[in-house]
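Make the full structure from the sequences, and use the hints.
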Amino acid sequence: MIRLGSMLPQAFMIGITDLVDMIGAEKTVKWLITIGRELGENQGPGLEGAPEGDLNYLPICPFADELVRFIDMFGERPEEYNTIVEYVKEREAADKDKVECPAVASVLCLMHHAYRVKRAEMAGYSTLHLACKSVVTDNKPVYNEEAIEKAGVTKEDVDKILEKGVCVFKFVKEE
Amino acid sequence: MDIEEADKLHKNCIKILVENQHPNGGFYASPPGTRYPFIYPRDHSICILGTIAAGLLSEARKGLEFMLAAQKPSGEFSQRYDVDGNDTSYKDLQIDGNGLTLYALNQYLKATGGLFFESLADRAFCEQYWEAIEKAVDFILQNKNEEVNLIHTINSIHEYPAYEHGFEIYANSTCCAGLFGAVEIGDALGKDVEEWRQQAEQVREAILERLYSPRRRSFIKCIRVKYKSSDPIGYDAYASSVIDVDAVEYSPASFGLIDEHDLRNVNTIKRIDKLLWDEELGGLNRYPELWDRNNGGYGPWLHFTCQLSNHYTAVNNQDMAEKYLSWVVSMAHDYMLPEHISTVERFEMWLEDYTNAKILRDSKMTMIEQIKAHPKWNEGFAYVIMPLIWPHAEFIIAYNNYRNKFFSKS
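Residue numbers (this note's numbering), protein chains in the order written: chain A, 5 to 179; chain B, 44 to 453.
One thing to keep in mind: the hints can contain errors.
[To be verified] On the chain B side, residues computed to face chain A include the following (Cβ under 8 Å):
#	residue
1	Pro116
2	Ser117
3	Thr131
4	Asp405
Worth flagging that the hints you see were computed from the coordinates, not collected in a lab.
Nothing here was measured: the structure is a model prediction, and the numbers come from that model.
Using N, Cα and C, we set each Cβ at its ideal position, and we do this for glycine too.
Now the structure itself:
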């Protein structure tokens, strides 16, 4: 049951599914990225996550609880969410600069990554998103292998961090 | 108190403070390679106050420059920063950072002026950062609830929302003192700060009315409220009071909002001393053991013990001031101070609680290794986070107060 006071996150997630139906995946993806960047800009420069050597990671997904709640209420992985994730994967496959793309486990990773990138950019860093896992992928990791290579680490290094975290990334100081 | 030892500790505290200021101006909460090699506005502000007490005004200025430049666009100061001033926080709002930064800035301004405030005070520095001051004040006022005139936060000094989410006493005292500080700075610069003065006064009155319990004759910890704009707050989902004792219930007097001799403060201190003085170890605990968030084991904290000694010094109670400060001196190891001290038995109890609850995360494993590796472990003590820089600043302040009060007479 949605209590009225905590309705807004669920409303936002319903909005994403509606938007995919209304304007398609491409524009919805752009919209999510724009939201992430705007929120990032508002927060100012910042580097997210706990440091682990040269990498940073998040021990828990800030959106996991809301995602689980949403899936419990509206069914497993709404088709529209799949559409977005598939669209991003296809776009990524065609993208020569895949190294800059997020490793998307759930639809909210797009917004989150844009937020993280924007804040790091304001601090003078670029961001490599190496991997992430989510309750919606049954905690099966999603990797960005090009980013892992560019970060100078191995998949095993990343997996080791994923044992205690859900999202692995690297900030690279811009010259 | 062993004055010779206290003097040596005082001297080393200044050294530790200086050594742990990064060239960029930020004071590490604990040195690189230990648990908190970041700059936390709360710890950092107290370190600035420590440098001011030690007469190190250029270090204080550098610390303020670091903090003011790291302000977020919203006017907030985040939970923590890296040495380059990048926000690396991972916790929700802790608004006392705003109050403390403004308070420390005003203390710096007053210290630079001293007895010749009109001619010597570093007004140019405050003028340079006036926009940041305005934003910091605005951010505090954005979080003021208009029904009760108190400042809302999620975390405060213990970073423990279960007991601090709402209108919490340390957050309100620091923010109120910060608002008054901004008013004094504004006055010194010839700005129109009348509105801020009224707002600060409203918060002060609300602290004295709503965060004080006449029947208990004590300030209380917090009015739990989930949303800052709840009105009426009686219908807020969290609406309740935290009436447990907490060392920071001394904050209204500690930050100059009421007189040290005010009976509301005197009786609050009695309650704190009675319920939080550790009968086994000595020293002052920060809150009741049963809150059970006692990383490394329940036990007394050096900086809260120093803070409370300031009250006894202020009211001319040398016996009690000495009891508190001599405990700090006796607990120093190599003239350095930890965050807090526990016993091996309490440490094991905490470890059992956290292991069974499955809340023992990685960073705590490192902390456990360091506690066990400390020479005091073999004497039966758990020295937790060694050194933490904050208590060094508090000792400088407290011992200065003590010396000035009791030694200048002889």
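Quick rundown of the hints versus the structure:
1. Pro116: At 5 Å from the nearest chain A Cβ, Pro116 of chain B passes the 8 Å test, so the hint holds.
2. Ser117: Where the cut-off is 8 Å and the nearest Cβ of chain A is about 7 Å from Ser117 of chain B, the hint holds.
3. Thr131: At about 5 Å, which falls below the 8 Å cut-off, the nearest Cβ of chain A leaves the hint on Thr131 of chain B intact, so it holds.
4. Asp405: With a closest approach of 6 Å, the Asp405 of chain B hint holds.
Hint compliance for this structure: every hint is met.
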